[in-house]
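S.K.: Chain residues, written in single-letter form:
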Amino acid sequence: MTQVMRDPLGSSDRSRRFGAWYVTEHKLMQARSYTPTLVATAIGTPVLYLFAFGVGLGTLITANVGPVFGVTYLQFVAPALLASAAVLVGTEEYTFGILLGLKWNATYVGMNAAPITPRQIVKGIMIFIGIRMLATTTIYYLIMLVFGAVPSPWGVLMIVAGILTGFAFSPIAAFAASLEDDRGEFAILQRLVVLPLTLFSGTVFPLSQLPIYLQWIGWLSPLWHGSELGRQFAYGPTEPIWLTIVHVVYLLGLAIVGWQLFVRNITRRLNK
Amino acid sequence: MATPVISASSLTKKYKDVAAVDGITFEVAPGESFGLLGPNGAGKSTAMRMIGAVSTRTSGDLTILGLDPNEHGPAIRSLLGVVPQADNLDTDLRVRDNLLVYGRYFGLPRAQVAKRADELLEFAQLSDRAKSKVNDLSGGMKRRLTIARALINDPRILLLDEPTTGLDPQARHILWDRLFRLKEQGTTLVLTTHYMDEAEQLSDRIVVVDKGRIMAEGTPAGLIREHSTREVLEVRFGSDRNEGAAAALAGIGRLEVLPDRILVYTDDGEQALRAVMDRGLEPVTSLVRRSSLEDVFLRLTGRSLVE
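Residue numbers (the working numbering), protein chains in the order written: chain W, 1 to 272; chain U, 1 to 307.
It is worth saying that the hints were derived from the structure and are not from the lab. Hints should not be assumed to be uniformly reliable.
[What the hints assert, rightly or not] Across the chosen pairs, the derived CB separations fall in these ranges:
(1) Leu-252(W) with Gln-112(U): 37 to 43 Å
(2) Leu-243(W) with Lys-131(U): 54 to 60 Å
(3) Ala-135(W) with Gly-23(U): 31 to 37 Å
(4) Ala-135(W) with Thr-58(U): 42 to 48 Å
(5) Gly-166(U) with Asp-181(W): 18 to 24 Å
[Stated by the list, open to error] Listed next, the in silico SDA-like pairs over lysine to any residue satisfying Cα-Cα at most 20 Å (straight line):
(6) Lys-272(W) with Lys-133(U)
(7) Lys-14(U) with Asn-271(W)
(8) Lys-103(W) with Lys-16(U)
(9) Lys-272(W) with Gly-139(U)
(10) Lys-103(W) with Glu-226(U)
(11) Lys-14(U) with Ser-59(U)
(12) Lys-133(U) with Leu-100(W)
(13) Lys-142(U) with Trp-104(W)
(14) Lys-16(U) with Asn-271(W)
(15) Lys-131(U) with Ser-33(W)
Glycine included, each C-beta is placed from N, C-alpha and C at the ideal position.
Bound-form chain U, shown alone:
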């Protein structure tokens, strides 16, 4: 790996006695798209704030672009773009003014900021809304504006905390498309998400985080290969009968019994379904699908990502 742009070693953040981030170690290479996947409360946002040089670590080591955030917070922040979990656009200012005012914080000359603001509005597909009030924008537009704002200083690393949470499917796809373009241009992306599809779409490499710890690390495909089977058979017998049916399914494959369905991990889903039928069981519904990161997470933690 080339000299990493982010390097964390036993990185820990405690609030009183509770460790929100509990000794995580990882590196991010320049140009890489790196995802932290985990449920709400896993410590992803806390980790992001430490990487963003706005939260002092309790222990461990952390360098961003070769600098220690404890010593060089402002210098590091001048090279980052930050998209926080909750948009903190200035609702008192209009769309374009939000970019202008933010660009000034990086010590950039007015003319340069103005030129870049117009280009970024174009990129965020918001040129026709330049004079709109922020509160008149839809959720997806606000998110795109926040991303445009984060790019105003042409950052070396773009940090995205839950970039599409709360957006409708269409808005998510527009956003993914924009982020994918950035990735193609070679921007280093670090994102947190609790959506497995988002992690798969945008990340070259993922760490699965739970309760402040890293459970696994790898490419989306690699993690699935390593921690799950090729296919999954989902069968539903009705909520009170799932438990009972599970006993009869023993031996067909590895089972995960969820409240609403049973997951059967197997390399051949259709064959597994036939095996279920052969035992005289008749599921209300059945579905064969490929394994996903959701299954990896379930395997590693015994819990679902979105609960």
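Just chain W, with the same shape it has in the complex:
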């Protein structure tokens, strides 16, 4: 039988340097068996939403309210839709994706029995989620161009804003890693937190339309920060620069905190 090079420190050195990438590689290989579903979702979602908002709701609103911030309703809503798409991909991976690897198809346990550390597993998962969000938001962006939903060429940076928004939801992954099993927590999270958040985050109407005592929900919501950030690129500026910086810092902060908590919880989980 082929002898593996007996170079223990050498090969564990490579694992130390590229371990996270091996995890991503594995996740991409798994995703291959879901390719048709992933592609259908990535293309179908923007087409349906843009059609509904642009042709349906947009016509109604433009006729009755007129343009918002000097852009069409579709142009107003597009950056928020793109950010929501990234968030949707993110939360799917942060919830089912995590428990899948820890329990239902316990590949993370197997990786950890090999020289891969929990920190590398998290990094590999995050790179994979980043790739998925990149693909989703890029397709979204391209379809938006077809619908004429992006006035400025800087609008391409909505992709970056969208991915950042998706990463800002990573505390959910930390939560999922602490769950022994899904006893409906994910459904509650999706229905009572993520979806309602969409309604109060200045996505389909400006946050200023909400009474002041409800606006705080938007200020706390990463989706509001992400949508507003996207709008600055798509047709901005619509706000003072300091507020744009606040969006970036807030989203980055959540992403970093979520990532660290995720590492902590998955380490506890795997080191029993």
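Assemble chain U onto chain W, guided by the hints.
M.R.: Leaving out everything else, chain U in the frame of chain W:
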């Protein structure tokens, strides 16, 4: 003994106040096949996870291949092969892809992993299933694939946690045959089992574990010699009459009264059976057999291995 590849001293793992592993001490020599025999819940799997450098010990000392798992977890794991109690093959990938993806975790070049994957499929008698979905494999095939996967990095030590639990007799024998070949090639094996026949088949040396502690240590034959008699007479009088009959058997040999039968420990089973008959007792069934590790365990703990 040559420099041990595993050395544990007062190794302890506590969950809150409960000690799953309670101060065990043992060494494993290179090329040795070492078994931890004990019932479910004895702490075998916990011990295996500590040896596998994925579970931090609460106290005591442990070195694997001369390294402390607290400091060098990934480096140690790069030299181990692990077959966990529950298969954690990737059911989203096909059989051969499971090996390819796993080999990458050890930082091995693609070409080398591919070559080795084909050899290991051959070894695991799964070459014709290379493109199958994992879930289409039988339990025994999945187990063999898990073992092939554990060998992808040509490990110095192979850890097997309950390798044949849940398999039918034929699948077990195929698996034992594969493991025996590895043993012949000089791979160091560490296995846990609650099957005494498995421990006898595969282990050069055994520790009997119960409630997180080591009760005895030795070769299978040595343990039997030390803790049991040469032969055992099993007699059954019917479940409600065993207790009563036991009183009448006093003096024939050491007795173990189980719910369904009485075990009489003696060097000559046939003679003991005659002695039973001479006392006017007529067992429903009787059986004379050689002592096994099951008897050793019963002697040491007062309980059976498989309950």
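S.K.: All the hints need checking, so say for each whether the structure fits it.
M.R.: A quick look at each hint next to the structure:
1. Checked against the hint of 37 to 43 Å, the C-beta distance between Leu-252(W) and Gln-112(U) comes to roughly 40 Å, which is consistent with it.
2. Taken as a hint, the range 54 to 60 Å holds for the pair Leu-243(W) and Lys-131(U), whose Cβ atoms sit roughly 56 Å apart.
3. The beta-carbon spacing between Ala-135(W) and Gly-23(U), approximately 53 Å, falls outside the hinted interval of 31 to 37 Å.
4. Take Ala-135(W) and Thr-58(U): their Cβ atoms lie about 45 Å apart, and the range 42 to 48 Å holds.
5. Separated by about 22 Å at the C-beta atoms, Gly-166(U) and Asp-181(W) satisfy the suggested range of 18 to 24 Å.
6. Pair hint Lys-272(W) plus Lys-133(U) does not hold up; C-alpha atoms about 30 Å apart against a cutoff of 20 Å.
7. With a C-alpha separation of about 13 Å, the suggested pair Lys-14(U) and Asn-271(W) falls inside the 20 Å cut-off, and the hint holds.
8. Distance hint between Lys-103(W) and Lys-16(U) is unfulfilled; the C-alpha atoms sit about 23 Å from each other, more than 20 Å.
9. Of the pairs offered as hints, the one joining Lys-272(W) and Gly-139(U) is violated, with about 26 Å between alpha carbons and a cut-off of 20 Å exceeded.
10. Taking the CA atoms of Lys-103(W) and Glu-226(U), the gap is about 44 Å. The hint is violated against a cut of 20 Å.
11. For the hint linking Lys-14(U) to Ser-59(U), the alpha-carbon distance of about 9 Å falls within 20 Å, and the restraint holds.
12. Using a Cα cut-off of 20 Å, the hinted pair Lys-133(U) and Leu-100(W) holds, with the two alpha carbons roughly 18 Å apart.
13. Pair hint Lys-142(U) plus Trp-104(W) holds up; C-alpha atoms about 16 Å apart against a cutoff of 20 Å.
14. Between Lys-16(U) and Asn-271(W), the direct Cα distance comes to roughly 15 Å. Compliance with the 20 Å bound is thereby established for this hinted pair.
15. Between the alpha carbons of Lys-131(U) and Ser-33(W) the distance comes to roughly 14 Å, so the proposed pair stays at or under 20 Å and holds.
Hints 3, 6, 8, 9 and 10 from the list above are not met by this structure, while the remaining hints are.
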